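First to last, the sequence lines map onto chains X and A.
Following my numbering, the numbering of the first sequence begins with 1 at its first residue and continues without gaps.
Following my numbering, the numbering of the second sequence begins with 1 at its first residue and continues without gaps.
Bear in mind the hints are in silico, worked out from the structure with no lab data behind them.
All figures in this text were calculated on a predicted structure; none of them were measured in a lab.
Beta carbons are placed, not taken as given, at the ideal position from N, Cα and C, and that holds for glycine.
Incorrect hints may appear among the rest.
Claimed, not checked - Examples of chain A residues lying across from chain X (beta carbon under 10 Å, computed):
1. Leu3
2. Leu9
3. Val10
4. Glu11
5. Gly19
6. Gln35
7. Pro46
8. Leu97
9. Arg115
10. Val117
11. Arg148
Unchecked claim - Straight-line Cα separation of at most 20 Å, DMTMM-like style, residue types lysine to aspartate or glutamate; simulated pairs:
12. Lys107/A with Asp119/A
13. Lys107/A with Glu4/X
14. Lys85/X with Asp95/X
15. Lys49/A with Glu70/X
16. Lys147/X with Glu116/X
17. Lys85/X with Asp110/X
18. Lys49/A with Asp71/X
19. Lys85/X with Glu106/X
20. Lys120/X with Asp110/X
21. Lys85/X with Glu11/A
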Amino acid sequence: MNIEDRLRTPAPDIDLAALAEREGLLDVAVAHMDSPIGDLLLAKTPLGLVRVSFSTSAEGDGVGHDETLEDLSARISPRIIEAPKLLDDVRRQLDEYFAGDRRHFELPIDWALVGEWGRKILDACARIPFGEVRTYGEMAAAAGSPKASRAAGTALGHNPVPVVVPCHRVLPAGKRSIGNYTGGVHIKEHLLRLEGVLAL
Amino acid sequence: MALPPFTTLVEEHRGAVWGYLCAMAGPASAPDLLQDTLLSALRAYPSLKDGSNLRSWLLSVAHSRVVDGARARARRPEVLGDVPERATTHAETDDELWQAVAALPDKQRHAVVLRFVGDLPYAEIGALCETSEAAARQNVRAGVMRLREELS
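Next up, chain X with everything else stripped away, as it sits in the complex (with noise of 0.2 Å):
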């Protein structure tokens, strides 16, 4: 064997989720899942899920992560971690949804990315079930505030958990459009056309 070939030496495979988890430096885990509505980023802090996001291209090929993850190293921590066993619960949990065996999540949530009236949104949010469509006002109306119908539509817009906290079941008063989505409104159908709301 040459001298090249010799010295070359592989870097030991380190496991830096489970090395980082063990000494309590694993601010947020992160891991990619693919779903019938494109690549899906999944963050989780030790106090729960603090970020679900879509691709921003019409392809749903994972455009659009960077900027999320820069999202999360300026508004939570750089210490972000690969760690797709850390996520098993909550990737297990979107493959029943959107398989159509799970009609609500059990997982705790970290909040860290939402102010106080986007919690009083999305806690009202959280709380539509399956199936079932509000309006921006009936949103606006359960958090407090009847008349911030288009506050409510920003605080669901900014809503760092979609799908698991459903702000795609909120539709614009009068039925003509289903509104908007950040995700794009195709998801907002899929979802809808899942949950049996649209019909196919």
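Since the structure of chain X is provided, determine the placement of chain A on it from the hints.
Just chain A now, kept in the frame of chain X:
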């Protein structure tokens, strides 16, 4: 500008750090030092003020782990009896080769190890060794030639 996720930092600079540790401490101690380096870096990462040259920061962390490791070894009393020096969890290393590597002049040793262990391009080796790309290429060539002589 937010710091990149720690995961990304490690993916990008793992080769450079690993190569550096092998060059400084040899491949037998390098795995433990790599783990120490990553943990120290992870601990300090959020308080890092300047994220403009993350690789040299990571290498400076690696450097202090090597220095601390050498100090700790110097303090540790000799183990008596036939206790094996190191558990056999690490891959068997090519002692003859690495002794020859350790005997190379600093610049050659760094350049050779960064090239073949770290798998870095010459331009990056030059940057890390504070030489030009051409000098890095020359140091690698001279180092390999010297190793070949030593080991023939």
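Taking the hints in turn, this is what the structure says about them:
Contact between Leu3/A and chain X, as hinted, is supported at the beta carbon level, the nearest pair being about 4 Å apart and thus within 10 Å. Proximity of Leu9/A to chain X holds as hinted, the smallest CB-CB distance being about 8 Å (cut-off 10 Å). Restraint check, Val10/A versus chain X: the minimum CB separation of about 6 Å is within 10 Å; hint holds. Interface restraint check for Glu11/A: the shortest CB-CB distance to chain X comes to about 9 Å, inside 10 Å, so the restraint holds.
Satisfaction of the interface hint for Gly19/A is found here, the shortest Cβ-Cβ separation to chain X being roughly 9 Å, below the 10 Å cut-off. Of the supplied interface hints, the one on Gln35/A holds, with its beta-carbon coming within about 6 Å of a beta-carbon of chain X, less than 10 Å. The restraint placing Pro46/A at the interface with chain X holds, with a minimum CB-CB distance near 6 Å, inside the 10 Å limit. A least Cβ separation of about 5 Å between Leu97/A and chain X falls short of the 10 Å threshold, and the interface hint therefore holds.
For the restraint placing Arg115/A at the interface with chain X, the shortest Cβ-Cβ distance is roughly 8 Å, inside the 10 Å limit, so the hint holds. A least Cβ separation of about 5 Å between Val117/A and chain X falls short of the 10 Å threshold, and the interface hint therefore holds. Hint on Arg148/A holds. Least Cβ distance to chain X is approximately 6 Å, under the 10 Å limit. At most 20 Å may separate the alpha-carbon atoms for a hinted pair to count; Lys107/A and Asp119/A meet this at roughly 16 Å.
Of the supplied pair hints, the one linking Lys107/A and Glu4/X holds, its CA atoms being roughly 17 Å apart against a limit of 20 Å. Pair hint Lys85/X plus Asp95/X holds up; C-alpha atoms about 15 Å apart against a cutoff of 20 Å. A hinted pair counts as satisfied when its Cα atoms are at most 20 Å apart, and Lys49/A with Glu70/X qualifies at roughly 16 Å. Among the hinted pairs, Lys147/X with Glu116/X is consistent with the structure: their alpha-carbon atoms are about 17 Å apart, no more than 20 Å.
Restraint check: the Cα-Cα separation between Lys85/X and Asp110/X comes to about 18 Å, which is no more than 20 Å; the hinted pair holds. At roughly 17 Å between alpha-carbon atoms, Lys49/A and Asp71/X fall within 20 Å of each other, so this suggested pair holds. With a CA separation close to 17 Å, the supplied pair Lys85/X and Glu106/X stays within the 20 Å bound. Restraint check: the Cα-Cα separation between Lys120/X and Asp110/X comes to about 14 Å, which is no more than 20 Å; the hinted pair holds.
Pair hint Lys85/X plus Glu11/A holds up; C-alpha atoms about 19 Å apart against a cutoff of 20 Å.
Hint compliance for this structure: no hint is broken.
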